[in-house]
Amino acid sequence: MQVHWRQSLMSYTFLAPALILLAVFTFYPLLYGAYLGFTEYSGARFANHLPPQWVGLKNFETVLGDPLFRTALANSVKYLLVVPALQLASLAVAVLVAKNIPGIALFRAAYYVPVITSVSLAAVMWEWVFNREGTLNWLLRALHLTTPEAAFGWLNSEQWAFWAVMLVTFWRGFGYYMVLYLAGLQAIPEELEEAAILDGASAWQRFWRVTVPLMRPTILLCTLLSTIAALRVLEEVLVLTNGGPLNSTYTALMYVYAKAFQGFDFDYGVASAAGLVVALVALLLSALNFRFFHREEQA
Amino acid sequence: MKRSVKALTLGLALVASTASAQTTVTFWTWYLSPKFDGYIKDTISAFEKANPGIKVQWFDKQDSMVQDFIASVNLGSAPDVVNLNIDETQKAAQNGFLTAVNSLTSPATLRSTFYPQSLSNFTSGANTYAYPWYGWLNEGVLLYNPELFKKAGLTRAPRTASEMLTYAKTIKDKTGAYAWVPALKDPNTASFLGYFYAEGLPVTDASGKAAFNTPAHASLLAQYVTLYRGGYVPEDAVRREAFQLATELYAQNRVAMIIGGPQALTRIKDTNPGLYAKTVVTQAPLGKAGVQTGGSMGLVIPKASRNPQAAAKLAAFFTNNANQLAFARVVPVVPTTKGAQTSTQFKTTGSDPVARATALVGASGRLINPGYRAPGNSDDLYKNFNDNIEAALLGKKTAQQALADAATYWNANLKK
Chain V
-11 MQVHWRQSLM SYTFLAPALI LLAVFTFYPL LYGAYLGFTE YSGARFANHL
39 PPQWVGLKNF ETVLGDPLFR TALANSVKYL LVVPALQLAS LAVAVLVAKN
89 IPGIALFRAA YYVPVITSVS LAAVMWEWVF NREGTLNWLL RALHLTTPEA
139 AFGWLNSEQW AFWAVMLVTF WRGFGYYMVL YLAGLQAIPE ELEEAAILDG
189 ASAWQRFWRV TVPLMRPTIL LCTLLSTIAA LRVLEEVLVL TNGGPLNSTY
239 TALMYVYAKA FQGFDFDYGV ASAAGLVVAL VALLLSALNF RFFHREEQA
Chain E
23 MKRSVKALTL GLALVASTAS AQTTVTFWTW YLSPKFDGYI KDTISAFEKA
73 NPGIKVQWFD KQDSMVQDFI ASVNLGSAPD VVNLNIDETQ KAAQNGFLTA
123 VNSLTSPATL RSTFYPQSLS NFTSGANTYA YPWYGWLNEG VLLYNPELFK
173 KAGLTRAPRT ASEMLTYAKT IKDKTGAYAW VPALKDPNTA SFLGYFYAEG
223 LPVTDASGKA AFNTPAHASL LAQYVTLYRG GYVPEDAVRR EAFQLATELY
273 AQNRVAMIIG GPQALTRIKD TNPGLYAKTV VTQAPLGKAG VQTGGSMGLV
323 IPKASRNPQA AAKLAAFFTN NANQLAFARV VPVVPTTKGA QTSTQFKTTG
373 SDPVARATAL VGASGRLINP GYRAPGNSDD LYKNFNDNIE AALLGKKTAQ
423 QALADAATYW NANLKK
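Protein sequence lines, in the order shown, are assigned to chains V and E. The numbering of the first sequence is my numbering, which starts it at -11 and goes up by one. The numbering of the second sequence is my numbering, which starts it at 23 and goes up by one.
Here chain V stands alone, though its shape is the one from the complex (with noise of 0.2 Å):
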């Protein structure tokens, strides 16, 4: 008994650093964030030192009757669409770049490069490939499947902006996704590969067979992370379109930000009540992505 209590106590020495951390940096501005959402704390109260007001559900109801916020979070949600194109994408590649055939290293880093390139220079780059005329209108028109004169901008199209920003969301998360893949495919035994090979199995059944199954809980783990990043897209559609064309590429992200941090004028009450809306989604979907993988590996 006294060993276990000591061992115990030795446990939580070991973790306790870790553990004030996440308390001090996490979960305190969490609950602290969490209860803002259900107080009057706005510019004018807070620069008179004034404590947040209790309000109730008085912020959810701003928040669920703007027009605004239910068109961004329809995006928002709509822009989860980026996540099964990701996860197959990202999946496939692992696949393919996961043999040990010289120079692979090359196409490995190079397909994480995006990961770490600044948002500011990725939008750069692709504005010269969205803009009239940029590379892409370049590229249809000598595939001969537009003309110079219906050339247009792609950000600045109601209809096209919102799939252009994705594809920078997919372009800039698809080597994280990858590098995660990768691992859990490393992590496989290859005695299991030879046992189908040996059985006859072709390279597809293989692949559905043994890789998917094994691979189960690093798809779970990569789509819950894309799920929740897509919910919380921000950075790009920020740099690419501020939200528009005619608010098609404005998110939940976008409100809340612009709540609480665009100037004077914020409002912390607002802004909180608005990201635990986006937090109770997230909840949501990554409840059904549980359930789903669950059923999976009960079947």
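Hints may be right or wrong, so weigh each one.
[To be verified] Heads up, simulated BS3-like pairs for lysine-lysine below, C-alpha to C-alpha not over 25 Å straight-line:
1. K172(E) / K46(V)
2. K231(E) / K66(V)
3. K437(E) / K77(E)
4. K231(E) / K437(E)
5. K173(E) / K196(E)
6. K191(E) / K437(E)
[Stated by the list, open to error] Taking CB as the label site, the calculated pair distances span:
7. P136(V) / S67(E): 50 to 60 Å
8. G118(E) / L19(V): 24 to 34 Å
9. L272(V) / G118(E): 35 to 45 Å
10. S(-1)(V) / Q44(E): 49 to 59 Å
11. D64(E) / T14(V): 42 to 52 Å
12. S86(E) / Y16(V): 17 to 27 Å
13. T46(E) / W126(V): 55 to 65 Å
14. A62(V) / D374(E): 25 to 35 Å
15. T366(E) / W126(V): 48 to 58 Å
16. S229(E) / I104(V): 28 to 38 Å
17. L272(V) / D64(E): 55 to 65 Å
18. P138(E) / L271(V): 28 to 38 Å
19. P136(V) / E185(E): 27 to 37 Å
20. L271(V) / S55(E): 40 to 50 Å
Hints in this document: simulated from the structure, not taken from any laboratory. Using N, Cα and C, we set each Cβ at its ideal position, and we do this for glycine too.
Chain V is fixed; fit chain E onto it per the hints.
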């Protein structure tokens, strides 16, 4: 021995008293470093020499200025002097972040130093909240590419705002280049309101309610909608800041004119020196009201400053006539001090485009007026206004409907 101990004690006491009397003033500028480090450091040195009891700690803030300001108030480490523009000063003042400068410097001194309009730009209610600093005029000068003008068959610059609209079609049709980039919906502001002001159309009524939904306003917006939809304005003008876009496209020979301050020329000089040398500088056309629009920076004293008196001294020093004129010699800005009007600095001109442009606008600080005052809750109101302008430009609403919707939102969400 006793005497030397006494002398040492006295010396130490003197040093200690000097050290305790020393006040440190924290000064934040906005986007001025590294380009103007020399000017700022020299001015700080001159101030410290003139005020031996005050030490200045200078930081240059960039994109995160407002957020850093708010965070510093929360942390109890607010700066003492902060460089904000007219719009942000109004917003900060409305929310109670600032000390009225007329409580630190006598109103008579302020009135004798600065142009009345410069003070008015930073006035909210009965108080003035900033020492006006350097400014610019939106219609200060017109710069044009003579080769594109020649190609378009034009022999002179447009003289009125309506002539500008005609030029837009002529230049695009004959050269393929855009005539200019109007500020249709610059981010974080409501730039199109400036066009109403320039045409003598009211933006708000005396109570601050929207007054921009009359047929005359709609007719003006409709003219720009026609230009935009006809392809006579770069389509990026709805997404990017007009000035940035204009300087970028002008340097590529894709825009024939820039309306703005001489500061555009310094950028062109860097990116296309050949075109810079050819650029013609002249008076910019004005709208029917014959007024200029423009903006300026100011130096504010946060309410949370621990040294408001010393801060006021520093702000007054930086914004005095001599120092504003000195800054205008470093960069083509427009001083907001009355003394600049009679300065010989802007009477001399040479062949250099920047010098010519500076001579044209340098003494015109009295005309600096944004044309509208940031309303309470301006971030939301501006966003909605810009969304409606965009809806009109993209053909989703008529000009009249867009302005009516913007006015309805404005009046429903205006905070007093």
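Which hint numbers does the structure go against, in order from smallest to largest?
Violated: hints 1, 2, 3, 6, 14, 16, 18.
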